[in-house]
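Protein chains in written order, with full-length UniProt numbering: chain A, 1 to 200; chain B, 1 to 330; chain C, 1 to 636.
Hints are not guaranteed to be accurate.
Unchecked claim - Simulated restraints on C-beta separations: (1) A:S50 / C:S28: 53 to 63 Å; (2) B:K112 / A:G58: 35 to 45 Å; (3) A:T143 / C:G479: 50 to 60 Å; (4) C:K170 / B:G132: 40 to 50 Å; (5) B:P310 / C:A506: 54 to 64 Å.
I should point out that these hints are in silico values taken from the structure, not numbers from a laboratory. Note that beta-carbon positions come from the ideal geometry of N, C-alpha and C, so glycine has one too.
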Amino acid sequence: MKANTVLDLTKLPAHGLGTVSPSWWGTLAFMLIEGTGFALTIVIYLYLMSLAPRWPLGTTPPDLLAGTTLTVLLLASLVPNILVGRWARGQDLRKVRLGLIVMAALGIAPLILRAFEFPAMHIKWDQNAYGSIVWFMLGLHTTHILTDVIETLVLTCLMFSRHGDTPRRFGDVTDNAMYWNFVVATWLPMYACLYWIPRL
Amino acid sequence: MKAARVVALGLGAIACGCSGNQSALHPYGAPAIHVEHLIVGIVALCTVVWVLVMATLGAALWRRRQKKVETEISQQWLTMTVTAALALTVILIAGMTIASFYTTRAIGLPAKAALTITLKAQQWWWQVTYAGSAAMPGFQTANEIHIPVGQDVQILLESADVIHSFWVPSLAGKQDLVPGRSNSLLLRAEKPGVYRGQCAEFCGLQHSHMAVLVIAEAPADYTRWAVSQSADAIMPAGPDAAAGRTAFLAKPCAACHTVRGTAATGTSGPDLTHVGSRQTIAAGLVETTRGSLAAWIADPQTLKPGNNMPMVPLTSFELQDISAYMESLK
Amino acid sequence: MTRSKDGELRDTALSDRELKRALAVTWSAPPGLWGALSTVDHKVIGRRYVATAFVFLALGGVLSMLMRLQLAQPEARFIGPDRYNQIFTMHGSNMMFLFAVPVMQAMAIYFVPLMVGTRNIAFPRLNAFSYWIYLAGGLLLWIAFVVDTGPDVGWFAYVPLSGPQYGAGKRADVWAQMITFTEVSALAIAVEIVVTVFKQRAPGMSLDRLPLFVWSMVVTSFLVIMAMPAIMIASTSLILDRLVGTHFFNPAEGGDALLWQHLFWFFGHPEVYIIFLPAVGMVSTIVATFTGRPVFGYLATVMALIATGILAFGLWVHHMFVAGLPRLGESFFTASSMAIAVPAGLQIFCWLATIWAGRPVFKTPFLFVIGFMVIFVIGGLTGVMVASVPFDTQVHDTYFVVAHFHYVLVGGAVFPLLGAIYYWFPKLTGRTMSEPFGRWVFGLIFVGFNLTFFPMHILGLQGMPRRIYTYQPEMPWSGLNMFISLSAIILAAGFLLFFIDAIRSARSGAVATANPWGASTLEWATASPPPPYNFARLPVVDSREPLWTEPAELRVAAGLGVDRRELLITSVAEAVPEARESSVGNSIWPLLAALATTVALVWSIFSPWAVVWGSIPVAVSLIGWFWPKGVPEDES
Ligand code: HEA
Ligand code: HEA
Ligand code: CUA
Ligand SMILES: [Cu+2]
Numbered sequence: 001m002k003a004n005t006v007l008d009l010t011k012l013p014a015h016g017l018g019t020v021s022p023s024w025w026g027t028l029a030f031m032l033i034e035g036t037g038f039a040l041t042i043v044i045y046l047y048l049m050s051l052a053p054r055w056p057l058g059t060t061p062p063d064l065l066a067g068t069t070l071t072v073l074l075l076a077s078l079v080p081n082i083l084v085g086r087w088a089r090g091q092d093l094r095k096v097r098l099g100l101i102v103m104a105a106l107g108i109a110p111l112i113l114r115a116f117e118f119p120a121m122h123i124k125w126d127q128n129a130y131g132s133i134v135w136f137m138l139g140l141h142t143t144h145i146l147t148d149v150i151e152t153l154v155l156t157c158l159m160f161s162r163h164g165d166t167p168r169r170f171g172d173v174t175d176n177a178m179y180w181n182f183v184v185a186t187w188l189p190m191y192a193c194l195y196w197i198p199r200l
Numbered sequence: 001m002k003a004a005r006v007v008a009l010g011l012g013a014i015a016c017g018c019s020g021n022q023s024a025l026h027p028y029g030a031p032a033i034h035v036e037h038l039i040v041g042i043v044a045l046c047t048v049v050w051v052l053v054m055a056t057l058g059a060a061l062w063r064r065r066q067k068k069v070e071t072e073i074s075q076q077w078l079t080m081t082v083t084a085a086l087a088l089t090v091i092l093i094a095g096m097t098i099a100s101f102y103t104t105r106a107i108g109l110p111a112k113a114a115l116t117i118t119l120k121a122q123q124w125w126w127q128v129t130y131a132g133s134a135a136m137p138g139f140q141t142a143n144e145i146h147i148p149v150g151q152d153v154q155i156l157l158e159s160a161d162v163i164h165s166f167w168v169p170s171l172a173g174k175q176d177l178v179p180g181r182s183n184s185l186l187l188r189a190e191k192p193g194v195y196r197g198q199c200a201e202f203c204g205l206q207h208s209h210m211a212v213l214v215i216a217e218a219p220a221d222y223t224r225w226a227v228s229q230s231a232d233a234i235m236p237a238g239p240d241a242a243a244g245r246t247a248f249l250a251k252p253c254a255a256c257h258t259v260r261g262t263a264a265t266g267t268s269g270p271d272l273t274h275v276g277s278r279q280t281i282a283a284g285l286v287e288t289t290r291g292s293l294a295a296w297i298a299d300p301q302t303l304k305p306g307n308n309m310p311m312v313p314l315t316s317f318e319l320q321d322i323s324a325y326m327e328s329l330k
Numbered sequence: 001m002t003r004s005k006d007g008e009l010r011d012t013a014l015s016d017r018e019l020k021r022a023l024a025v026t027w028s029a030p031p032g033l034w035g036a037l038s039t040v041d042h043k044v045i046g047r048r049y050v051a052t053a054f055v056f057l058a059l060g061g062v063l064s065m066l067m068r069l070q071l072a073q074p075e076a077r078f079i080g081p082d083r084y085n086q087i088f089t090m091h092g093s094n095m096m097f098l099f100a101v102p103v104m105q106a107m108a109i110y111f112v113p114l115m116v117g118t119r120n121i122a123f124p125r126l127n128a129f130s131y132w133i134y135l136a137g138g139l140l141l142w143i144a145f146v147v148d149t150g151p152d153v154g155w156f157a158y159v160p161l162s163g164p165q166y167g168a169g170k171r172a173d174v175w176a177q178m179i180t181f182t183e184v185s186a187l188a189i190a191v192e193i194v195v196t197v198f199k200q201r202a203p204g205m206s207l208d209r210l211p212l213f214v215w216s217m218v219v220t221s222f223l224v225i226m227a228m229p230a231i232m233i234a235s236t237s238l239i240l241d242r243l244v245g246t247h248f249f250n251p252a253e254g255g256d257a258l259l260w261q262h263l264f265w266f267f268g269h270p271e272v273y274i275i276f277l278p279a280v281g282m283v284s285t286i287v288a289t290f291t292g293r294p295v296f297g298y299l300a301t302v303m304a305l306i307a308t309g310i311l312a313f314g315l316w317v318h319h320m321f322v323a324g325l326p327r328l329g330e331s332f333f334t335a336s337s338m339a340i341a342v343p344a345g346l347q348i349f350c351w352l353a354t355i356w357a358g359r360p361v362f363k364t365p366f367l368f369v370i371g372f373m374v375i376f377v378i379g380g381l382t383g384v385m386v387a388s389v390p391f392d393t394q395v396h397d398t399y400f401v402v403a404h405f406h407y408v409l410v411g412g413a414v415f416p417l418l419g420a421i422y423y424w425f426p427k428l429t430g431r432t433m434s435e436p437f438g439r440w441v442f443g444l445i446f447v448g449f450n451l452t453f454f455p456m457h458i459l460g461l462q463g464m465p466r467r468i469y470t471y472q473p474e475m476p477w478s479g480l481n482m483f484i485s486l487s488a489i490i491l492a493a494g495f496l497l498f499f500i501d502a503i504r505s506a507r508s509g510a511v512a513t514a515n516p517w518g519a520s521t522l523e524w525a526t527a528s529p530p531p532p533y534n535f536a537r538l539p540v541v542d543s544r545e546p547l548w549t550e551p552a553e554l555r556v557a558a559g560l561g562v563d564r565r566e567l568l569i570t571s572v573a574e575a576v577p578e579a580r581e582s583s584v585g586n587s588i589w590p591l592l593a594a595l596a597t598t599v600a601l602v603w604s605i606f607s608p609w610a611v612v613w614g615s616i617p618v619a620v621s622l623i624g625w626f627w628p629k630g631v632p633e634d635e636s
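For reference, chain A alone in the conformation it holds in the complex (with noise of 0.2 Å):
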């Protein structure tokens, strides 16, 4: 077959940002995946307490201190998250490297939180089913955090190295911020079945 050019490709840039860049498309994947897992435990979490006589079951509902804490700090958090994203986009070394540390210091904060989320429902996991799912809701998303906030630290080392200054790479920080975004977003409906649907 005799190929024939009717193209030109020279122009275009060597890398795309946001929607032009699969990385974008594969975190926004993920978070479908994992969005549908959350969206999943809270159905069990409704079903679970439709067959059960009373809920909670076997237990008083959870404190509200530590969970409304953290929620309020991770709503905080997405102000720099916001901004880190825009740094980066912007492409302002400096600016991104700072924000980066402030958003691994938000996303430990709400890991010290945790811990105390968990004695808050009063219950253990392998007590009944209520306490099977709440800890299970609770460790899911904690890994979530987990993990945004290993890859922010990794990210935070990679910018202050000399792979920092690329393009590449302020577009994995604007897909890291994305995904704080998510898992921020995915607390709310979380919080607000484990806190206050007990108390309905």
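Following the hints, put chains B and C with the ligands in place on chain A, whose structure we already have.
Chains B and C with the ligands only, in chain A's frame:
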């Protein structure tokens, strides 16, 4: 409808030719009869659909073709045909959905059943409990359900361990027995007879040997049976059976089995008060004879590997006596 | 050879010969074992995946022959209940999780990038990782089976039988963890396929020019993405119940046995379309090529795919019709299940119209498509039968259902797959499979299949439940069972012949040209097998059948760099070029990450602490994977 029946029954009879007592195609109970009508109808309809599709496929493959390429007309004609076929599909599935819906209603439980029996499945046998009444105390039996012919009988389905499924195809479709839940099913035999059923949900090692018999008899016969079952076990008459009774009570048997009227009150195995009157033992495994009882008691693990009755060491005399005792428990 | 101002070497500066040489240098994997372990070429990985999946098919087939041996006679004693239960569970799990789903995705790994005209799949390292994880899951299952720890609770592992109380030992854990392995790999591939199709299509390949096989894989991938989390959560909670004493499925403590069934089938039903839809895409491809015309009703076919995908999530309860749910709710699921006959029928009608209007050429791939039509329509119609609640109360968990799902799985998926292997073999290996052999393979499998599985319908209606290791002589089933077992030998002979033909042809078949069937899609626009970079110059597309509109010439784009692995990013809907993008180079880290993950997952069958300690090496390997190595692909 008659032609349809021939198609489906023809299929069923190809290699059978038997009058099975465990077959959806030989229904003797009202629910099963309703479902059989539905099966025959749907199978016939689908057969027609398949034949039509195959005829079209054959024609499309081997039709004579002209040299010239297709024209606009033929495109339009194809579109119309595909649309028509699609419309027909919608109509047919709507029809089948409605037919199913009405059949579902027909086989549902009536507001009030003449008799309610509790069936509790366990690995791998069926515990059957008849509630008492003013005239007669309640009683338990195993692996054999007696019902009066021509009456609505509600079976309450429960499970002691894993999920099982109660299925006596000649009388009704199946229904699962789920731990932690209670289901129920309508049985109504139109003809006296012995109908075999089998656990249909995989439940572990001996899922294959978890049969159940439903014996439908005239109401008078049924009542006679129920009264005799509600009585305590008889005292054995013969000397070996009497010795068997003693041995039975001395051995671990009594820890698992109940023989009403004796000190044996175990509940992890079937109630043996009238075991000699049942047609089979060990959930349809073998016919009840003195020989089969002896074989079972001597070595249950070879006959039904993995079942929950252990081999109890017995001398050959003890074994003989116990088997005689078991057989005498009519 | 001149470099552009920015020092990059572009293909515009090279002659065809030079370009191919330069691209080969950039895109090849190192030779030898290291190259084999570190390659990220979608073709190498895809081929490996397909071959592995077929090995699992053969193994699963051998298991089925063992079952047929045991079932040929009443009260046979070849295989005891304990082993039999492991065998049918292995057969089902192996066929579904290690053969059918992976093989379809594997075909996509190989062909989707070629069909959309790009140089590698999106996220090639993830792709490599997914293969290793899949292999590890398969090995876990089979090694466990060999050492008598194979799962024995059925392929849907109903609780409480699989729970802590009744599923003693590690058997059920092996099953649950095998699920984790295969689902991780399946999810990874789904993401790769979606992104490849959305962002890496050849310029001009707007969504309405996407080949039907690619469409089917897009829909399938979305099904994977939406359905597999359910089984991941289910199997994880099962392991938690078994290992750390949670009570998700324990009715005594507020859990529920049916929760498992809901979760399993919310995945399990879409699962069967995850297997079936790619096969549909294969059928469309083969029908078009062997009738010499585009599939009639492109839009209708795509709509049917999407409709099936959406409806697939509204049917799961039809597997639970006798579990004791409210009857009214069940009737809804009867209606939705039957409704799926509409898109299925639409596709059948479109293919029939295509054949009618076209000129069929009776080559082996097309024979398999004909076989597919005959068998799948039966299977689909029996599906409609079991979708009726009252009908199902009689045939659920009997051999009637066994017949239904083999008709749809083997007829609806394996037949198109075998056709696709015959069809694409030249592209996979550069050689052609034997046509006379192919006819024999088809004949034996077609006849053997129907003789084996048709009688199972009758057995089911005659009251034979499934999953029984034996039955009593007084049951009227022995004649048919013997007949089935004997027929299965014909079926097995057909498969054996297929394997022989494939192995023989791969070594010494006739050498294939670039486009031996005169097909229309882009994978045929490059050599058989394609070079590591797939296309020396990326094709430009302006119709649905790029190779038919202008058979003599290929319209291409120029201007990509050759110093780094470079491919083209285009817009989602219209495939307008947006950017050049690098595609990562070879790496051993995916293998290391897979090893670390395997250790963590297998260990976690035994101790919950494995999750904590095992995640450290996983994290290390992931950092190694993503840390830039200073190669051109990492920078931009
Ligand atoms: C490739 C896999 C595949 C496919 C495509 C299907 C397709 C269908 N399946 Fe099947 N199914 C399985 C794999 C598959 N199934 C498996 C593995 C199981 C068992 C799991 C287990 O228990 O182990 C199962 C079990 C199963 C059940 C549960 C049975 C039971 O356990 O009791 C049901 C019930 O509704 C069902 C229904 C259907 C329906 C309605 C379709 C429809 O999609 C079929 C649609 C197609 C057609 C109808 C034919 C073409 C249409 C026409 C020619 C138009 C004209 C048609 C009409 C007028 C009706 N299937
Ligand atoms: C895609 C999926 C798939 C495929 C292809 C098959 C293929 C076959 N299946 Fe299977 N089957 C299932 C999926 C599948 N099955 C599932 C999901 C179940 C339910 C399990 C459960 O209940 O949990 C099941 C259950 C099942 C049962 C019911 C078991 C029971 O309930 O007790 C039976 C019984 O006959 C059976 C038979 C067969 C046979 C004879 C084949 C034949 O088609 C196989 C033919 C193939 C071969 C015989 C291989 C030939 C190869 C060689 C001879 C080796 C050569 C090798 C080299 C040269 C490398 N299957
Ligand atoms: Cu009880 Cu199967
Ligand atoms: Cu289904």
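Hint-by-hint comparison with the structure:
Here the CB-CB span from A:S50 to C:S28 is close to 58 Å, well matched to the stated 53 to 63 Å. Taken as a hint, the range 35 to 45 Å holds for the pair B:K112 and A:G58, whose Cβ atoms sit roughly 37 Å apart. Distance hint check for A:T143 and C:G479: the Cβ-Cβ separation is about 56 Å, which falls inside the suggested range of 50 to 60 Å. Evaluation of the 40 to 50 Å hint for C:K170 and B:G132 yields a pass: the beta carbon distance comes to about 46 Å.
At about 56 Å, the CB distance of B:P310 to C:A506 agrees with the hint of 54 to 64 Å.
In the structure shown, no violation is registered for any of the earlier numbered hints.
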